[in-house]
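Asker: Listed below are the residues making up each chain.
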Amino acid sequence: MKALIPALLFFVISGFLFVGLYKDPTLVSSPLVGKSIPSFTAATLFSPDKQITQADLIGEIALVNVWATWCPACKHEHPDLVALAMKTDIPIYGLNYKETDKAEARAWLRQEGNPYVLSIADDDGRIAIDFGVYGAPETFLIDAQGVIQHKRVGVMNDKIWQRDFLPIIQRLRREAL
Amino acid sequence: MTRIAMWLLLLSIASAHAQIVSVAPEYQQRYNNLLHELRCLVCQNQTLADSGSGLADDLRLEVKRMLEEGNSDQQIFAFMSDRYGDFVLYKPPLKPRTWLLWFGPFVLLLAGLIGIRRVVQANNKSADSTQLSDAEMKKINDVIQDRDD
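The listed protein sequences derive, respectively, from chains A and B.
By the working numbering, the letter at position 63 of the first sequence is numbered 63, and the numbering carries on one by one without gaps.
By the working numbering, the letter at position 127 of the second sequence is numbered 304, and the numbering carries on one by one without gaps.
These are computed hints drawn from the structure, not numbers from a lab.
Computed from a predicted structure; not experimentally measured.
Don't be surprised by glycine CBs; every beta carbon is placed ideally from N, CA and C.
Heads up, some of the hints might be wrong.
Said to hold, decoys possible - So the derived list for chain B, only partly shown, Cβ under 10 Å to chain A, looks like this: (1) Glu-214; (2) Val-219; (3) Asp-227; (4) Asp-235; (5) Leu-236; (6) Leu-238; (7) Lys-241; (8) Asp-259; (9) Tyr-261; (10) Gly-262; (11) Pro-282; (12) Val-284.
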């Protein structure tokens with residue numbers, strides 16, 4: 001019996017370390033899941049004179065994707081977003097985070113395809129702070145009431161869409177019936 | 178000439194680090210303390226005071242703004258943890274989820290002390306038995322006999 005104690009300790013410690021191996025420390029669970037999207041007033045990338053607010057994003061299930069031209073990973077995920085926008089009827093809103101070159105951002109979307117209904121111009125990054133953004137690209141799933149249901153930090157692709165987003169969307173749609 | 182070059186070098190090193198935010202002297206002390214208690218989420222093992230990332234620059238400005246608007250330290254910590262979770266706080270709050278974190282080391286210490294006590298008691302018990310068994314007696318006698326021979 002006594003001889004089992006070190007073995008037991010070994011397995012408990014190994015268990016903790018083993019779980020730790022597969023945890024990504026850069027994925028911080030967001031306290032914003034379950035809360036409404038933050039309020040803001042801002043221009044959009046293509047209409048600098050028009051002001052929009054959070055109310056313009058609320059009404060149906062939607063995605064909010066944080067991106068910028070200075071962000072290489074955002075450029076990498078872009079084709080996947082364009083493909084996603086074509087195959088789904090869920091609107092994707094862009095949050096153009098601390099864009100360094102708006103002309104380039106507009107040119108980029110014209111050239112590579114624009115998956116966004118609109119892109120919020122978050123010039124000083126203040127809106128992103130309220131969204132708890134710490135590593136672009138990030139993608140938020142919001143429900144019809146504007147409550148954040150899921151947050152993805154890192155690139156979006158079809159695999160992640162199928163695995164993480166679709167089940168939640170299906171659940172939300174079932175609940176809405 | 179070398180001096181100027183040296184200063185330029187120092188300046189360029191400084192600019193690669195945290196961008197300096199000037200705060201009114203009456204807030205300086207609290208500002209410094211707050212920055213050392215908040216984690217930068219981009220470079221996770223740095224505090225907001227040390228990090229040179231763009232987000233850390235922005236968050237330092239937020240801390241400054243909130244201080245100047247008269248917010249308490251608690252309100253500033255709450256602002257950060259509402260957005261980024263308890264992870265940003267270098268001193269995690271005491272709640273059921275963090276009990277293991279807070280009390281785990283003391284539980285291990287207690288377990289260690291109990292373990293040591295047991296070992297010591299066991300040793301004492303065996304040391305107490307001064308009586309030799311028959312087999313031990315016979316062995317000693319044999320040794321003595323051998324020497325005498």
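Asker: Each hint should be assessed against the structure and marked as holding or not.
Answerer: A quick look at each hint next to the structure:
| no. | hint | verdict |
| --- | --- | --- |
| 1 | Glu-214 | 17 Å, violated |
| 2 | Val-219 | 6 Å, holds |
| 3 | Asp-227 | 16 Å, violated |
| 4 | Asp-235 | 5 Å, holds |
| 5 | Leu-236 | 7 Å, holds |
| 6 | Leu-238 | 9 Å, holds |
| 7 | Lys-241 | 13 Å, violated |
| 8 | Asp-259 | 6 Å, holds |
| 9 | Tyr-261 | 5 Å, holds |
| 10 | Gly-262 | 5 Å, holds |
| 11 | Pro-282 | 14 Å, violated |
| 12 | Val-284 | 12 Å, violated |
Against the hints set out earlier in the document, violations occur for numbers 1, 3, 7, 11 and 12.
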